[in-house]
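Chain residues, written in single-letter form:
There are 2 protein chains.
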Amino acid sequence: MTYCVGLLLDAGMVLLSDTRTNAGIDNISTYRKMFLFEEPGERVIAILTAGSLSSTQTTIARLEEDIEHPDSESIMSAPTMLQVAEMVGTVLAEVTRSISGKLGDKAASARASMIVAGQRQGGAARMFLVYPEGNYIEATRDTPFLQIGEHKYGKPILDRVVTPETSLGDGQKAALLSMDSTLRSNLSVGMPLDLAVIEAGTQRVSRQRRIEAEDEVFQAMSVAWSKALRDAFVEIEI
Amino acid sequence: MTYCVGLLLDAGMVLLSDTRTNAGIDNISTYRKMFLFEEPGERVIAILTAGSLSSTQTTIARLEEDIEHPDSESIMSAPTMLQVAEMVGTVLAEVTRSISGKLGDKAASARASMIVAGQRQGGAARMFLVYPEGNYIEATRDTPFLQIGEHKYGKPILDRVVTPETSLGDGQKAALLSMDSTLRSNLSVGMPLDLAVIEAGTQRVSRQRRIEAEDEVFQAMSVAWSKALRDAFVEIEI
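Top line first, the protein sequences correspond to chains C and A. Going by the UniProt record's numbering, the first residue of the first sequence is number 1, and it counts up by one from there. Going by the UniProt record's numbering, the first residue of the second sequence is number 1, and it counts up by one from there.
These are computed hints drawn from the structure, not numbers from a lab. Glycine included, C-beta positions come from ideal geometry on N, C-alpha and C. Honestly, I wouldn't trust all of these hints.
Said to hold, decoys possible - As a list, the in silico DSSO-like pairs of lysine-lysine whose alpha-carbon atoms are at most 30 Å apart:
| # | chain 1 | residue 1 | chain 2 | residue 2 |
| --- | --- | --- | --- | --- |
| 1 | C | Lys-106 | A | Lys-106 |
| 2 | C | Lys-106 | A | Lys-102 |
| 3 | A | Lys-227 | C | Lys-227 |
| 4 | C | Lys-102 | A | Lys-106 |
To be verified - Simulated restraints, written as ranges between beta carbons of each label pair:
| # | chain 1 | residue 1 | chain 2 | residue 2 | range |
| --- | --- | --- | --- | --- | --- |
| 5 | A | Arg-62 | C | Asp-10 | 55 to 61 Å |
| 6 | C | Asn-135 | A | Asp-231 | 38 to 44 Å |
| 7 | A | Asp-231 | C | Ser-206 | 24 to 30 Å |
| 8 | C | Ala-224 | A | Gly-41 | 46 to 52 Å |
Put together the whole structure using the sequences plus the hints.
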């Protein structure tokens, strides 16, 4: 399983993903699920992936191949972020169909989805959730975050604190607490985590960090949040 | 959809269910999902239901019929709570099979599950989650709560605060906050709520309450919890 979340804030974008991949619960590995593409000042794109590792790796590999061939249209040359989402959707759908075709009655296990977030110079920061069939939805001011994978455990905190006006600092905190709730409740979502921040209007990755299991800051936050929740619980009257 | 939760504490049992039933999102009704059976001092049983209304209503109706016929074995005459769970499972599986048979390729929509909780004089308080196939699992000291229906949004708070030593008062609070998170994140879970408390060793329903949408105590708790979460969020440092 997987948990990835992206926040589309006025101040920029916050992206967070776990790294646990499992083929059965007895076969657990660590794979990066966050892919960053950057031409600093010109364009920055982040892709987060959930679902079949076979489908997501092949999709990312094809998108990278297109970038490397200067003659090809690619996500780094597409004129708008909408067309970037369209392009990712087209490749993802093709790959999913192709792999599904090989899997017979296990075709559903080839499904994968992606969060595509980015900004090009002169354009707005935009964020899309791309489905296995290639269609997509976009984050808006009403719903300024998108989630893929095991999204339910981490949604209540986002519903409560995230608005477009949330700062990038608070956005990182909200994303990490949302991840913390998910890690606690679903073993198939696991550390380390990949965190990235893209400040609006800069077209570059402002901050990028891998958070390991033994990360003291993250552990302290997790402990403080548990304590704060328990304290809040004690104070509530019914 | 539905959310029902049962807590098995040293001090007794707390049971909470919503009442929203929908056949499509444009056909929403209120149905009780909590059924209490009581011979005060002798035996008390609570059944919470999730899934196909057709399957759960028929199952409950059959269990009630058996109680009314003094010659039949029934959940009120079964010698142990384990046999009560077995009996509920047998009827639920029969009903689910029968309704599935009428539904053709929609057979899966006949699925339903139940929480069966209770105590008989001389026995321990026990709580079971009964699956559509009739098999079941039991709450233990390691995992002193069971959930059916839309369980994910409300699980993090339970994971954090509920232990066997939790008091009945705190147990009610935890169940209500767990429901509150679910109500916020999933529209198909809805008020009013049914709350019941069974004090250990009394074999009777100690407290029973329907909580309406306009209930001021529940609303105040919900507001206070949101505020407490936001305050805790502000205080956390990363």
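Hint check: Lys-106 of chain C vs Lys-106 of chain A, CA-CA at most 30 Å. Holds or violated? holds (20 Å)
Between Asn-135 of chain C and Asp-231 of chain A, does the beta-carbon spacing fit 38 to 44 Å? holds (40 Å)
Hinted pair, alpha-carbon criterion (30 Å max): Lys-106 of chain C, Lys-102 of chain A. Please report holds or violated. holds (27 Å)
Just to be sure I understand the hint, the distance between the Cβ atoms of Asp-231 of chain A and Ser-206 of chain C should be within 24 to 30 Å; is that true here? holds (28 Å)
Hinted pair Lys-102 of chain C and Lys-106 of chain A, Cα distance within 30 Å: holds (27 Å)
Are Ala-224 of chain C and Gly-41 of chain A spaced within 46 to 52 Å by their CB atoms? For Ala-224 of chain C and Gly-41 of chain A the Cβ distance comes to about 47 Å; the hint holds.
Between Arg-62 of chain A and Asp-10 of chain C, is the Cβ distance one that fits in 55 to 61 Å? holds (58 Å)
Do the alpha carbons of Lys-227 of chain A and Lys-227 of chain C lie within 30 Å of each other, as the hint requires? holds (16 Å)
The structure shown violates none of the earlier numbered hints.
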